[in-house]
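**Q** The primary structure of each chain is shown beneath.
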Amino acid sequence: MVDDATQPAPLLPPKPQTVPTDSLRPNPHNPRVLFDEEPLQTLEASIRKVGILVPLTVYKATGSDKFTILDGQRRWICAGRIGLAEVPINAVTEPSLAQNIVTMFQIHKLRKDWELMPTALKLGVLIEQLDENRDAALSDLTGLDVAVVTRCKKLLWFDGEYHDLMLDPEPRNRLNADLFIEMYPIVNDRSVRKADWFDKKSMIDAFIRKYQEKTSGFKAVTDFRKIKSYLTLARKAEKETEIIERLRQLVASDDVEIADLEIEAARIRREAESLTKQLGRVRAEIDALDPDSFAAEEGLWEELENLLRALRDKLANAERRAI
Amino acid sequence: MAGTQAAAPADGELASASQMAKWLERFRAYRQPPDAASLEAWLGRFERRHLPLAHKILDAVIVVSELEIHQGYKSSLENLEGWSKSSQERVGRWFFVGVGSAGESGPAMLRMFREANGLTSERWQGYFVTTKDLPRLALSALDNVVFIDDFAGSGSQMVGYWPVMEELVASEATCYLLLTAVTTTAAEAISSQTELNLVAPIVLGHDKNVFHEACRDFSEEDCAAIEAYGQIAWRSWPRGFQHCGLTLVLSHKTPNNSLPILHANHAAWVGPFPRTLIAA
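Those sequence lines, one after another, are chains A and B.
Residues are numbered in our numbering as their position in the first sequence, beginning at 1, plus a constant of 287.
Residues are numbered in our numbering as their position in the second sequence, beginning at 1, plus a constant of 59.
Just so you know, not all the hints are guaranteed correct.
Said to hold, decoys possible - Now the in silico label distances, taken between C-beta atoms and shown as ranges:
# : chain 1 : residue 1 : chain 2 : residue 2 : range
1 : B       : GLY141    : A       : ASP432    : 56 to 62 Å
2 : B       : PRO222    : A       : GLU560    : 44 to 50 Å
3 : A       : GLN565    : B       : ALA327    : 54 to 60 Å
4 : B       : ASN138    : A       : LEU327    : 40 to 46 Å
5 : A       : ASP432    : B       : GLN290    : 45 to 51 Å
Because the hints were derived from the structure by calculation, they are not lab data.
Using N, Cα and C, we set each Cβ at its ideal position, and we do this for glycine too.
Can you build the whole structure from these sequences, using the hints too?
**A** Now the structure itself:
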């Protein structure tokens, strides 16, 4: 006999579908993902206690008899370790190539020590399929740092033959992505690109060879920054023609060194700028100096007198009007 | 493979005429086959007491001819499940990738593979891609990617590269690695540490490593002498790269896993099967 006051049992949501643990496979778009052991152990302890509360998001790939994990690889690893025969899943429709890549980028953070080229190639697929090329938008879409997106796009700018060099199976022969990322500003410098002798492939090949053989003073990939700096300074000193000619010689000959790109006028300009800044700082400190507080600091006053004499002599030598 | 016993050399000779004739015949499949003068020059590098050992090494050399390589590639592909040149019988999409960048053995082997399988015409061009092309192919479990190379000695290169390959394939596409030859060590490493389906007509057991205990053809004393000469030929890897100690010679290039006394080419040592035709 049912008591009229008895409440009906609460409605429970339907239980999620469960499937054998070994019918799942990790998402192949990010096989290099590594999970830190400590959080995994914490999750494993939790699953031992209460089971897998949040079903894994999976899909059946075309032609496959297995489920591919979109989200929940940590739970799946723990289930395997514990020996759970089944895991709960939410099966969704198979994502498109672009959707899958975006999802994987968002779930798995890129590790700093990973080869960047495979990531760049996938970003290339996204750019093509989504017709989206803006760094910030791609960063939002993928969860990759804007800096990583920018680096990947620099790699994609290089022709396919250089992508192959970055994907060489032999680590000794594989060219580091950083080499191309550092080279990019030189090969794309506006003054360089409009030079009548400029040939993109010849220049890239020459730089690769010089870097590999350590000729022309190349020691590290960061040496390209020196070249860029020389280009910028020469442009400021209105010595563009001269620096571009020297760069042509550097590309063509191993007898020309990176340091040879430094143009005297540009060097003087650079040193003058640096000295002006330093003098400005010293002047500000002298202005702020309280004579009463430092009255007993004889050494300081003597040095100031020396400075004044040196300034007068230098101004006279430079035929500046007396102040 | 060790040949039949030939007449011993006469006093003062580096090798008998019959030995020399036998070697010249067996080695003519190499791209630049050694002649009698170069073999004698090589034998002359050994101390007199080591001449029998040098003869034994030459007897042990395995030369794989270009024809054998072609036949191997042909039969390997024909036996892959789902492959057919007929679109009616072919299952899924197929892509062939030379392992390595330009200048590496893979792309060079790809040319042989195409010839061997009659896939050289323009209409098959879309089947041949490089690793960088893989992400945009939207591969699925119905597709097949066949990586082509010539030889794996230790398997470490393929094992180390597999995560990158896997990420570029990024699907359940079936991945094959077609080789001309492989050592059992490499085959075990590749099979256990990658998802590549390895196919290689020639499998070299541990007995083909002259330094391995399974090899009965060379005594400990022989091995010590081979290693000592190997130090002159290649100081870093006197037993061959990754200590593989092989006597394998592929018609287009001797693997660096073979004994360096067979393939070095520099002022201090010139082997009968140099990897570089012009001395370093």
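**Q** Against this structure, judge whether each hint is valid.
**A** Going through the hints against the structure:
1. Separation of GLY141/B from ASP432/A is about 42 Å and departs from the stated range, judged on CB atoms against 56 to 62 Å.
2. Separation of PRO222/B from GLU560/A is about 48 Å and conforms to the stated range, judged on CB atoms against 44 to 50 Å.
3. The given range of 54 to 60 Å is respected by GLN565/A and ALA327/B, whose C-beta atoms sit roughly 58 Å from each other.
4. Remark: the range hint 40 to 46 Å for ASN138/B to LEU327/A is upheld by a beta-carbon distance near 42 Å.
5. At about 50 Å, the beta-carbon gap between ASP432/A and GLN290/B stays in the expected band of 45 to 51 Å.
Hint violations for this structure: number 1 only, all remaining hints satisfied.
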